[in-house]
Amino acid sequence: MAPIVSVSNLSKTYASGFEALKGVSLDIEEGEILALLGPNGAGKTTLISIICGIVNPSGGEVTVNGYDVVREFRETRAMIGLVPQELTTDAFETVWNTVSFSRGLHGRKPDPTHIEKVLKDLSLWDKKDNVLRELSGGMKRRVLIAKALSHEPRVLFLDEPTAGVDVSLRKSMWEVVERLRASGVTIILTTHYIEEAEEIADRIAVINGGEILLVEEKAALMTKLGRKQLRVDLAQPIEEVPQTLLSYKLSLEENGQCLIYDYDTSAERTGITALLAALAEAGIRLRDISTRQSSLEDIFVEIVEAGQ
Amino acid sequence: MNLEAVKSIYFFEMARTRRTLLQSVVSPVISTSLYFIVFGAAIGERIDQIDGVSYGAFITPGLMMLTLLTQCIGNGSFGIYFPKFTGTIYEVLSSPISMIEIVLGYVGAAATKGLMIGTIILATASLFVDLSIAHPLAMLFFFVLTAITFSLFGFIIGIWAKDFEQLNLIPMLVVPPLVFLGGSFYSIDMLPPFWQAVSHFNPVLYLISGFRWSFFEVSDVNPLASAAIILVFLALCMSVLTWIFRTGYKLRN
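If you're matching them up, the sequences are chains A and B in order. Sequential numbering of the first sequence, starting at 1, is according to UniProt numbering. Sequential numbering of the second sequence, starting at 1, is according to UniProt numbering.
The hints are simulated quantities; they were obtained by calculation from the structure and are not laboratory data. Any given hint could turn out to be false.
Example chain B residues on the side facing chain A (calculated, C-beta under 8 Å, incomplete) [unchecked claim]:
#, residue
1, Asn2
2, Glu4
3, Ser8
4, Phe12
5, Arg18
6, Arg19
7, Thr86
8, Gly87
9, Val92
10, Ser94
11, Ser95
12, Pro96
13, Ile97
14, Asp163
15, Trp195
16, Ala197
Heads up, the beta-carbon is just placed ideally off N, CA and C, and yes, glycines get one too.
Bound conformation, chain B alone (with noise of 0.2 Å):
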């Protein structure tokens, strides 16, 4: 194991955030503040409890849901695309590194933005709503693991990308849709009966909603059903990678 090179990489991607604190963090802030003011204070007022949870309280494990599988796409994408843009990507693949420590390095620090601005974004949404964790390693787990999932689908999205349009393809045309109707905002009871069946092809649903679950103890499904959601998905993502890793598919060819 060459963690010299991990720990290169890492902090080479940490440092990248570190210049763009301003976009990074800040911007995921005001973000989520505006959703607050709107959502839950000119909105929420009008809204009654659902499930027994305050409508505030309610959106923010789907909004911490909502940045989090956004800015860990964007970043596992552009950590490992833009080298790749740049031309930069010759010395990562002529150093003595195996695919699974550069997966460590880039993946381990998109991961752990996403996280970093996860928690700020429940650090602000605790100063607009009262909040409680009911199953705190439960919400570790979801946290934790949607991080590293969706920055490993960042990494895909990043090798196989061929241009700046198809690196926000998903991010952008994919991924809101998603996660805007995966019940970040509502709970799926409150569509008609069709809608609601086919949110439970959106894989984001399971997601958010166990997320919820481990807050407040109410979900649209099964919180052991999301478990095994997210573990499938980060299953496929390591299969695709390991497939790119041994076919050298657009890194070596």
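Next up, chain A with everything else stripped away, as it sits in the complex (with noise of 0.2 Å):
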């Protein structure tokens, strides 16, 4: 299947002379949820802009379902919704008026009845005739997306959608996404919380600096790149870590009071039953044992410093 969204060689160097995209290329698969992840400055927003035709790109191409975004552009921009990053609003609008409004910009005839199940799906409908100035940070964002949301898009771009937004909020956002992605609507995010993309992404991709490091299916980018910890706590502390022990890499720590082993959960053998074993064997007595597992977040940090 031919990807909804296809970037390539994409390039965008500014008037001041930065440089924020160097030659990226992405697919974008249709139905899936991609999220972005990238520190500040990274390219997320130039890249997400370029694609809504917000920005001029300086070199390379973006089609979306076959459209180039420029020559063919509207085309493009109308399957695109766009939730920006900033609380960008009318204040002097109302909520109603506002989404009817990015309807019609759009080229849809009015809908009423559409708007309604829009404001209604992101608990809106009591707000419809308020003022936007009149209404909260969080319930802004939700305007926002009901606005992106307006002409039925077939792919939905949410810039940080959840920066600064409370914890029930966030939760009944990530339904909205769910249901959208259930109607088969293609969402890319970009995001700093990495836990959200570890929960509702389908796939990853990493950039920096411009470029992208990465792109992979969450699942088999944390099975790739996660690694499991055994941590030991030991009932006295040791001095060093015995010879027979040495072949399992352990490092000591805490004053020696904590050993640590890191493997491989998608390796054959893990090779615990037989460190505990020979933990055993050298006298060692335990208090405790746990294990961690590296999370998206400790994955990023790690491609990303490993770029720089």
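The task is to assemble the complex, starting from two chains supplied on their own in separate frames and drawing on the hints.
This is the structure:
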């Protein structure tokens, strides 16, 4: 199946000389949730802005459903919904008007039933006649999502949608995202909350310094890079790792009170049973055992640091 | 052509006019009435007719132009500057609309509002003085083209302006001298020869003169020259806009 969004060799140099994107290539499959991770200034927003038509590219090409975003912008932009990072709203408009305005801008005939559905889905129905400046930050965020959904897009971009949003709103927003995905909408989101990407994304792309460092299925990424650690707390501190245990490459930490063993969960043998037996044989008494899996955040930090 | 989008922008802008009805409509009526009281009644009493036209009637086209220019530039520039300022411009830029459609929406609304206010001023003026329009078609030609041209000019200023100071620079600093020295309140025959010559470099003189000619058949310059000037200025604004759209100047960079 052809990708719904295809970015090839995309570059952007701003008038100031800042090179925001350096030949980025990325394919996004229809119906998936792709999380775009990267530190501040990595090029996430520039990439999204070019796909959506807000910024002109300096080089390279982007197609959406086979249409070029520059030459055939009418086709591509009609398919795209965008929720920007900043809470930019018309202070003096009502919720209903601003959402209807967005639908019109995208060339769609007025459809009050659809607008009503969108507002109800986002729990905005009782605020429909409120003026935007009266709304809280979280409510404004919902309005921006409602605007992006007003024209029934096939591809939805969410740029840091949960920044500054409280836990319950964040949860209800992910429910909306899940529903959209179920209806076949492709979703691209950028986020700082890596646990979010871990929870809802199908694939993860890591971008830094204007380059894509990695694109991978989330599950594959977690197994590939996800190491596990076994932590053994000792009853008595030891001065050094006994000779018989050297092959396990243990590290002794916390003044000899704890041993750390790194192992690979995807390997045939993790070596845990043998290690525990060897510890008993060496006469080392254990107080506690715990394991820890590296999170996407650890992986992310590792990739970004390796790229620098 | 994305007509829905043009309509959306147009009505969105017109809704802003409705929300600011007092400031948009009532204030020009009051200021025009003040002009008529001061210039028409108080000072005008002591001024003879100019070219066979009573002074109060003579200044009406000038007053209409003064307001039309200020309003159109103000609305045209604010309409596009405000979304740039608040950031809501992202939505217009990411919509499936061409720049021509964006202009039709914003400039159409700015010109409409200018024409509405111009008409209100004409109506207000007719309460104070006897007015007749000798060439209604010519009057409409100048009225409508000036509104469109200066709304376009305002739109360009709105795109160019980095802050509110720049936004107000031209409307506040450049337009009033041009209008006041363009013969809104006098015939340039009344000026010393040197200033008469200087006045001929003022494009607004041609607009006011042509517009006045369509009312009273009296003019400082040939009405055809006036028509040419407005068309040239319109073409100039359109060329600048074409360049802006082609390069994405200040919008998509």
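Check the structure against each numbered hint from earlier and tell me which ones fail, lowest number first.
5, 14, 15, 16
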